[in-house]
Amino acid sequence: MARAVTPRRKLVNTGLAWAVGLLIFFPILWTILTSFKTEGQAIASPPIFLGFDWTLENYSVVMERSDYGRFLMNSIIIAGGSTILGLIVAVPAAWSMAFVPSQRTKDILLWMLSTKMLPAVGVLYPIYLLFIQLGLLDSRAGLVVVMMLINLPIIVWMLYTYFREIPGEILEAARMDGATLKEEVLYILTPMAIPGIASTMLLNFILAWNEAFWTLNLTAVDAAPLTAFIASYSSPEGLFFAKLSAASTMAIAPILILGWFSQKQLVRGLTFGAVK
Amino acid sequence: MPLGNALRAATALSLITASAAFADGHATTITIATVNNGDMIRMQGLTDDFTEKTGHTVEWVTLEENVLRQRVTTDITTNGGQFDIMTIGMYETPIWGANGWLIALDDLPAEYDVDDILPAMRGGLSHDGTLYAAPFYGESSMIMYRTDLMEAAGLEMPTAPTWEFVREAAAAMTDRENDINGICLRGKAGWGEGGAFITAMSNSFGARWFDEDWNAQFDTQPWKDTLEFYVGMMNESGPAGFATNGFNENLSLFQQGKCGMWIDATVAASFVTNPDDSTVADSVGFALAPDNGLGKRSNWLWAWALAIPAGTEKEGPAKEFIQWATSTDYIELVAENEGWANVPPGARTSLYENPNYQEVPFAQMTLDSILSADPNDSTVEPSPYVGIQFAAIPEFAGIATEVSQEFSAVYAGQQTVDEALAKAQAITNEAMEAAGYR
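Going down the list, the protein sequences come from chains D and B.
Under my numbering, the first sequence is numbered contiguously, ending at residue 276.
Under my numbering, the second sequence is numbered contiguously, ending at residue 1438.
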């Protein structure tokens, strides 16, 4: 039986949730505020929260110095491409592991996850040499493949978890009605797992968007995404925090907007099957 | 079903973008990897002049210093050919030149006047007498101090002060109630941050990284004296949390009037005297970095230079760019557009003979600091390495990063000087043994 929640407890919980939410959001808020300050105001001590002369100069400088559109397009292509490629590979893999598991399925799943524990820099040189041989350096195609590969274990794990929540009897019934394997996956399994697939897509897109090791090391001009755009404003010898904040705000704005509009799906997907 | 439609739309969009990913083209212009600092940004803004003169266009890859270092190192060691020009420093140039990774700049035309490059810079960017990178700008380190606070303390800064004077002056200028710290110095871990400062400082105390047989020297008295002096002075007169302060943190403190003295890169002089950014712009004086009467000062020498990787297919245009960017004509172009205080300093002798530049308040002290630094003779006792704030061997960056982490732990009060030096000795000897030096 569910325990009754008193109005006072509800108020406390809501207050706590807001406090934690604001705490998590504060660095982003501070970055956005700093982007509207002058360089002098950005380093002022004590820090100025709102009482400063708001300026758009940093955005103007950043737009003048960098081709933001090119970086943005590369980010969309790399994150979008790797997400869709990842799903194409991961849906059949997760279906197989969820509905026709072998004795080694658990081991394979754990092994896949263990590849995420390898420090990326450990395989930088092999991948770099491979990219030179294949002519993939500074290409979006190369980045799409690498992003897909590094996020694949997470996609497979998430989809496997969602698929496991779908009763196998439904798929059996479809088979008895004459559904082929393709029809079973496309018309029965996929529609039932849409919340899970949607949240997997969103999470993978965000992970690929924010990835900064491979995108910085495998690109130069043509394929450089927004992570390289931000890195170009970081300086150890010179105070350019306001411009860096403007560049960061411009880089995270698309993903923030995407997250804002899809938060219901994201939450629904992430909690799918969590409570029975 | 709206959710399904959304999913299908997202899938379609992703498919379009994924297919576009396979339609890459290849640029035909010169690609230059560089750092994000004031002089480099100015150069990017003036590139049209180069294009006008030569017809070549330029693509810039601007990265944070440490990211750039990793990026260009990966590319040059694998012959990746991603860049036609790389911005590298005095540490990398002789090592990479010796490895045959850089194209020698030994055929520059007479009008380029290679002899005009300051000898210290030319020496630091050469291997076996061959120039492998052209200095875009050079720097040493010096004292920047508040003339008003010094006067209020009843002291006068000598042109070439000792560490004892600096410590006394720092204590006299410190005013904790008004948030004024007598001295601000780097303490941040990292071989190019706090590691560079303490190594340069240790030279003036008679310390060195290695003896002539590549044995670590952290178990010697000069290193103990260096660290104890630094920690004592900073605890007396330094800012809170100095263990995590690097160039930018100290620049910020100085510009806000919270430091009596700051010993750091000479290029900072243009920042602290710029009234647009600095609240103390009109009361800044300059002096040579301190010494201890042992014949070596505690200033370093560094240059950001332009080099051509051996893997490039555009050697000709790359050389043309280097000639343009490091020429006297370029300096005049910057002066015309941005004023003499903003020209790239520390690279050419003729700049310091120019009457217009001589009027810049920090010009002479910058030159004196650069001229007093000798990478080939940086320590009191003989040492087997070239370099002042570093030893120009490939292993140094890794070792010095670890050692500087131990030193920063001392600054933060997490361990004693003796503990840190014992660890530094072990780390260094172990690494040198593994690398085959011992």
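Source of the hints: derived by calculation from the structure; they are not laboratory data.
Please note that the accuracy of each hint is not assured.
[What the hints assert, rightly or not] List time: in silico DMTMM-like cross-link candidates among lysine to aspartate or glutamate, alpha-carbon distance up to 25 Å:
hint, chain 1, residue 1, chain 2, residue 2
1, B, K1258, D, E39
2, B, K1053, D, D67
3, B, K1423, B, E1402
4, B, K1053, D, D177
5, B, K1314, D, D222
6, B, K1258, D, D67
Note that the structure is predicted; figures quoted are calculated from it, not measured.
Evaluated hints:
no. : hint              : in the structure
1   : K1258/B / E39/D   : holds (17 Å)
2   : K1053/B / D67/D   : holds (24 Å)
3   : K1423/B / E1402/B : holds (10 Å)
4   : K1053/B / D177/D  : violated (76 Å)
5   : K1314/B / D222/D  : holds (18 Å)
6   : K1258/B / D67/D   : violated (38 Å)
In summary, the structure is inconsistent with hints 4, 6 from the numbered list given earlier, while agreeing with the others.
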